[in-house]
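**Q** Residue numbers (my numbering), protein chains in the order written: chain A, 1 to 356; chain B, 1 to 356.
You may find that some hints are simply not true.
Copies of the same chain look alike in the list, so a pair counts if it fits in one copy or across any two.
What the hints assert, rightly or not - Here are the simulated lysine to any residue pairs, SDA-like style, with alpha carbons at most 20 Å apart: (1) Lys-351 <-> Arg-183; (2) Lys-135 <-> Gly-288; (3) Lys-351 <-> Val-60; (4) Lys-350 <-> Ala-180; (5) Lys-323 <-> Asp-245; (6) Lys-317 <-> Ile-9; (7) Lys-130 <-> Ala-215; (8) Lys-350 <-> Ala-329.
Simulated from the structure, these hints should not be mistaken for lab results.
2 protein chains.
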Amino acid sequence: MTTRPNLNIVPFISVDNMMRLVLHLGVERVLTELAAEIERDFRRWPLFDKTPRVASHSDVGVIELMPTSDGEMYGFKYVNGHPKNMREGLQTVTAFGLLADVNTGYPVLLSEMTILTALRTAAMSALAAKWLAPKGAACMALIGNGAQAEFQALAFQAVCGIAEVRLYDLDPAATRKCAANLRGTGLKVTACASAEEAILGAQIITTVTADKQYATILTDNMVGNGVHINAVGGDCPGKTELHRDILLRSDIYVEYPPQTRIEGEIQQLAPDHPVKELWQVMTGQIAGRADARAITLFDSVGFAIEDFSALRYVHGKLQTLPKSLAFSADLDMIADPDEPRDLYGMLLRKKAALVA
Amino acid sequence: MTTRPNLNIVPFISVDNMMRLVLHLGVERVLTELAAEIERDFRRWPLFDKTPRVASHSDVGVIELMPTSDGEMYGFKYVNGHPKNMREGLQTVTAFGLLADVNTGYPVLLSEMTILTALRTAAMSALAAKWLAPKGAACMALIGNGAQAEFQALAFQAVCGIAEVRLYDLDPAATRKCAANLRGTGLKVTACASAEEAILGAQIITTVTADKQYATILTDNMVGNGVHINAVGGDCPGKTELHRDILLRSDIYVEYPPQTRIEGEIQQLAPDHPVKELWQVMTGQIAGRADARAITLFDSVGFAIEDFSALRYVHGKLQTLPKSLAFSADLDMIADPDEPRDLYGMLLRKKAALVA
Numbered sequence: 001m002t003t004r005p006n007l008n009i010v011p012f013i014s015v016d017n018m019m020r021l022v023l024h025l026g027v028e029r030v031l032t033e034l035a036a037e038i039e040r041d042f043r044r045w046p047l048f049d050k051t052p053r054v055a056s057h058s059d060v061g062v063i064e065l066m067p068t069s070d071g072e073m074y075g076f077k078y079v080n081g082h083p084k085n086m087r088e089g090l091q092t093v094t095a096f097g098l099l100a101d102v103n104t105g106y107p108v109l110l111s112e113m114t115i116l117t118a119l120r121t122a123a124m125s126a127l128a129a130k131w132l133a134p135k136g137a138a139c140m141a142l143i144g145n146g147a148q149a150e151f152q153a154l155a156f157q158a159v160c161g162i163a164e165v166r167l168y169d170l171d172p173a174a175t176r177k178c179a180a181n182l183r184g185t186g187l188k189v190t191a192c193a194s195a196e197e198a199i200l201g202a203q204i205i206t207t208v209t210a211d212k213q214y215a216t217i218l219t220d221n222m223v224g225n226g227v228h229i230n231a232v233g234g235d236c237p238g239k240t241e242l243h244r245d246i247l248l249r250s251d252i253y254v255e256y257p258p259q260t261r262i263e264g265e266i267q268q269l270a271p272d273h274p275v276k277e278l279w280q281v282m283t284g285q286i287a288g289r290a291d292a293r294a295i296t297l298f299d300s301v302g303f304a305i306e307d308f309s310a311l312r313y314v315h316g317k318l319q320t321l322p323k324s325l326a327f328s329a330d331l332d333m334i335a336d337p338d339e340p341r342d343l344y345g346m347l348l349r350k351k352a353a354l355v356a
Numbered sequence: 001m002t003t004r005p006n007l008n009i010v011p012f013i014s015v016d017n018m019m020r021l022v023l024h025l026g027v028e029r030v031l032t033e034l035a036a037e038i039e040r041d042f043r044r045w046p047l048f049d050k051t052p053r054v055a056s057h058s059d060v061g062v063i064e065l066m067p068t069s070d071g072e073m074y075g076f077k078y079v080n081g082h083p084k085n086m087r088e089g090l091q092t093v094t095a096f097g098l099l100a101d102v103n104t105g106y107p108v109l110l111s112e113m114t115i116l117t118a119l120r121t122a123a124m125s126a127l128a129a130k131w132l133a134p135k136g137a138a139c140m141a142l143i144g145n146g147a148q149a150e151f152q153a154l155a156f157q158a159v160c161g162i163a164e165v166r167l168y169d170l171d172p173a174a175t176r177k178c179a180a181n182l183r184g185t186g187l188k189v190t191a192c193a194s195a196e197e198a199i200l201g202a203q204i205i206t207t208v209t210a211d212k213q214y215a216t217i218l219t220d221n222m223v224g225n226g227v228h229i230n231a232v233g234g235d236c237p238g239k240t241e242l243h244r245d246i247l248l249r250s251d252i253y254v255e256y257p258p259q260t261r262i263e264g265e266i267q268q269l270a271p272d273h274p275v276k277e278l279w280q281v282m283t284g285q286i287a288g289r290a291d292a293r294a295i296t297l298f299d300s301v302g303f304a305i306e307d308f309s310a311l312r313y314v315h316g317k318l319q320t321l322p323k324s325l326a327f328s329a330d331l332d333m334i335a336d337p338d339e340p341r342d343l344y345g346m347l348l349r350k351k352a353a354l355v356a
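If we strip away everything but chain A, and leave its shape as in the complex, we get (with noise of 0.2 Å):
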């Protein structure tokens, strides 16, 4: 038996430390690293233990438990879903995870993740597209310019090579604050005053919004032949941004089928819809899109492996920075009495140090 000192401490990654670590390795970089995390997790899909999300919902939304285990390590994430909450002052999601050993159950790493989400749900968008998108697509429309739209736009700048993003809003303040955001990185940004003027010239659309509802922020008619569609907003039951009609038009892609099928802007299709896992996409077992006329949806609900990805990620980059960078704080997690089997005399000796 090897001693392990410091059994009880998970690292645990705040809020602010998440910040200075992305803005310490730039959020281009991040962006395209978890890209490729996520690639590589994806084509090794079959030896994750997978599950749909366990959710618990009210009246105003939805709290889900999202694990995964690749059979070395496991990963959770915890994550809301309260439209409302932005009428609050409150985020819509907010979201931390966790990533375990599965050799000892221990956790290895608590992290915030309503950031790292915001940019893995990029990221997977991202590559999603490069793996689907017409060759040479350089214009993205962006409707939808809420907490998600900057790093939709940074992602497809970094992944894809979008030189063009063309934003739409209900509210036009999402738009300002969003172009102001995105002022001096390289993007051509360009406000729209429509849903029908944003996706001009643009070769992926990309829909973003958060109200839950059946929305139809694209019409049948909006859509023409050769766009990639990055279906991101529509992502619970009840929650939808696309008209039936454009989705059996499509060749649509997905995460995991179980779980887009409830989630999904497909929750709207029969059961039996015919759709494609992306992950084999990945590896080669079917194909991408088949032509330059092709609709290809991407129909994103956000699934357990690419939270996984991306606390490994940041896990593994805990371990190569320097230390004296400080990203993570020790957590007095996991209690450690000197003999495994003697749990209640650990409390024993805390009272003896206590009254010393």
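For this one, chain A is given, so just place chain B on it according to the hints.
**A** Only chain B this time, still in chain A's reference frame:
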């Protein structure tokens, strides 16, 4: 909109602070109050959102998530079970948990739960015995003297008025540890050389062993009429402690049948073998112990509602005890941009602050 300060902060109870909190209140009081808190929640059982725990199994152990909600609060526990850990100087079971506000999805408490689980498991056992054990039971056999043993002894003393515990473990060192830790508690402690000797004169038999196997801690001829069996250690697939014939002679009470049929002693029985739900005994919907000759068996596996009760209990203590006692620390866990849609802007402002 009211301004809520420190939206980003989640109070965290470390292992050290949990020990300080428990010692401040006193172990006996905590066990008694926890049993009362669990009983209150069991009495409103139908209100809860219930699901069998979500388990990720490997060759050497299991990692589980145990969520539940009463519609106002949401709680979950992360817990591992690795019987081989003990031989490596690690805890077989470690745990932490989280409580969140259903209305916003925001976490309100993160807590160590290795110690808290030991306490709630013992409180639950004693609570079940309060309803099921023969009247005037004063002597308990305690077979398996590992990490959970002292907590069981103290809970049965505090909640059921047990005056004597008779200890047995395959490893005499475990029994010596347990007996030494129970010195000065007022319990009469008798170390026994066999399970047969331990159960002599005991009205309650608690089995709480750790090895993952179909074990036979008790055989049918050892168990006389009129006893209450508190079977704690049979709690996952492939891990049981009692001979099947004992089960067939017993009135079996469980927490949540869909989970117990997978994990409990009753995994040895037909899937439709009749069992009774403990919460219905507490609400008076069904009868408990029939007569003095009945064998009652609490087939304990641990259910999410017990962890929810425990988390809410310590959360309540944080609200009422003086802040100066500092039983929790502030974790910067939730991203809180000034404008909820401006998550990326928060990153930009951090960048500006770091440069300045």
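**Q** The structure should be examined with respect to each hint, and the outcome stated for every one.
**A** Against the structure, the hints come out as follows:
no. : hint                : result
1   : Lys-351 <-> Arg-183 : between (58 Å within a copy, 14 Å between copies)
2   : Lys-135 <-> Gly-288 : within (12 Å within a copy, 71 Å between copies)
3   : Lys-351 <-> Val-60  : neither (45 Å within a copy, 34 Å between copies)
4   : Lys-350 <-> Ala-180 : between (55 Å within a copy, 16 Å between copies)
5   : Lys-323 <-> Asp-245 : neither (54 Å within a copy, 58 Å between copies)
6   : Lys-317 <-> Ile-9   : within (18 Å within a copy, 25 Å between copies)
7   : Lys-130 <-> Ala-215 : neither (27 Å within a copy, 55 Å between copies)
8   : Lys-350 <-> Ala-329 : between (23 Å within a copy, 19 Å between copies)
Hints 3, 5, 7 from the earlier list are contradicted by this structure; the remaining hints agree with it.
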